[in-house]
Amino acid sequence: MSDKEPVKSIITPTRTEYTYTPGPSAQRSLRALARGKLVGEICPSCNQVYYPPSGACARCGVATRDEVEVADKGTVTTYAIVRVPSENIDLELPYCTAHILLDGADIPFFGLIQECEWDAVRIGMRVEAVWKPESEWGLNAENIRYFRPTGEPDVPFEQFKEHL
Amino acid sequence: MADELLSAPHVLEYDYRRSLGEVLSRFFTGLRDRKILGVKTNAGRVLVPPSEYDPESGDATSDDWVEVGPGGVVKSWAWVNEPLGRHLLDHPFAFALIQLDGADTALTHAVDAGSEASMRTGMRVTARFADDTIGAIGDIVAFVPEEGS
Amino acid sequence: MRDVAIASFAQTKYVRNQVELTEVDMIIPVIGDAISRSGIPKSEIGFYCHGSSDYMAGQSFAFVGAVDALGAFPPIAESHVEMDGAWALYEAWVKIQCGEVDSALVFGFGRASMGKLRETMNLQLDPYTLGPLGIDSISLAALQARALIDAGKTSERQMAEIAIRNRRVAKDNPNAQVTGDFEVEKLLAEPTIVSPLRKHDCPPISDGISAVVLAAGNHIGRGESKPVFIRGIDHRLDSHQLGGRDLTRSPSTKLAGERAGVHDGPVEFAELHAPFSHQEVILREALGLGDEVVINPSGGALAANPMMTAGLTRIGEAATHIAAGKAGRGVAHATSGPCLQQNLICVLEGE
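These protein sequence lines are chains A, B and C, in that order.
Numbering (our numbering) for the first sequence: 1 to 164.
Numbering (our numbering) for the second sequence: 1 to 149.
Numbering (our numbering) for the third sequence: 1 to 351.
Computed cross-link-like contacts, PhoX-like style, restricted to lysine-lysine with a CA-CA straight-line distance of at most 25 Å: (1) A:K8 to B:K35; (2) A:K37 to A:K132; (3) C:K226 to C:K13; (4) A:K132 to A:K73; (5) C:K153 to C:K254; (6) C:K199 to C:K153; (7) C:K186 to C:K171; (8) A:K73 to A:K37; (9) A:K8 to B:K40; (10) C:K186 to C:K199; (11) C:K186 to C:K153; (12) C:K13 to C:K199; (13) C:K42 to C:K95; (14) C:K254 to B:K75; (15) C:K199 to B:K75; (16) C:K226 to C:K326; (17) B:K75 to C:K153; (18) B:K35 to A:K4.
Treat the hints as calculated values from the structure; they're not laboratory data.
Starting from the given sequences, assemble the full structure and let the hints guide the process.
This is the structure we're talking about:
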């Protein structure tokens, strides 16, 4: 018998491959995004506007259908300061990610905040999208590089407390 | 809509490190040392692969270990004409349930038999170990038909 | 025991590749149909439970996405099993038996077409000695089929005949995916995929959804169709180590059948979740079903096998068969795991 240490663990690699298709709502929205438009959908039951649209209103359990364009600027409803590095993310630490309630939408949208000190970000802050050059637009969310402060006055919490 | 349907590839890939516990640690350490080990139940049956419990009674298995194989008998088999990416062999082979000499249960593994015509239930096979063993089920590259059988 | 009835059943048509819709797009109309036909207002549904596998979608917590289809506000009582929807039905049945609720919506969904199903199914195996072999779902079933043939309990011809019967009967099932008339000699002339299994012995890869509404107490009898009662339900499992099992038998099915009371009354028909042709032989023996018992009036899993809901579909199809007056009492079965490892039996009866 060998004098080596007993085997205490094994590494089991798993790999599964998929082909994703987006469904009609996300498909329409991605095509609009490739034209520089943020197109959400309205719930026919509660009239909430979803961006990005998933095709359903999670609140009512009904399909959303009618499209509506939302703005590429909005209000920070909450944020996080990231201090740990991650593979695939090439940003200077720390950086700030936020939930942004786009003007015209009823649920917040996930975005990165740049062109501002990380410790200057606050709930209620107004931000706007900074797009890639139009020649680089594709069928993906990376068309928006990040959001930056607009310098407009902060929005009082009372005005968005139902949209967190 | 005239628009072509969008689609995108997605790959889910994780390398899990799994703790073995005492029983499988002993089994995989054995494989690293080119030995196939079985554990006895309280009723005296030899389980290969070993487990912490006797599936027939639910009782814990004993501390009594025995070396089995490397030869054994094919109890059932399935001939794979076109191997998939994660199969151990990249040419046609059989998956088989192999009852190793000295064991009372069958181990699932591959048999590298060349052709389906070479396979039959009841045939004798023997383990072919990798040149470099690490302590994993893949230390047995495949079973091969025993010479002279 | 409380009387629990299947109040309604709804399903999609099963297709090879539903690329145009998301799961949520598919679920909303099906559960809407099931609820509406149950006669129970959505606001009175006491519990929601569904079955699915995140590995089908390749996303952790993919099952939570399905809740988007439910209208979960104000908050609903909801649960999930990483199993076929038949086990979600079992959970809902237990909750009703406990007296906590009087109705439940149960559903299951799977879009196996997104991934490579044979390889995805490897992820359900023992990850130490079995998974790393890369063994796939068809190879596993082929090991079982060979053992059954060697034991003299079936033959490749009989297996082909089973596939032919199921797919012929499925011509009357508008939701089935693989239907038609096939000739045994032609099928046996086909090459094997993993010997001894040929294409016809294997289930199709299916995308689809099915949903059942359970009713108890005052909710019984509110629906469009006659209530069909769950007279017994039980589920059992065998070892995950294939080599420690006699693959030609299904002790777990036998025990579940006994505990569910399969033979406490006449068995007129059975909906068996046998994805591979030879498995029908094993299940019939385990349940003691003679030649007089009609097997799979719907065409079974060889006609459509939506992963994670084909078992629930068997229960729904059996209930539909009884509600339509075509039989008085029957058995539905669901399976999960390699080589019929886990089995659920549900005994159904009309009024």
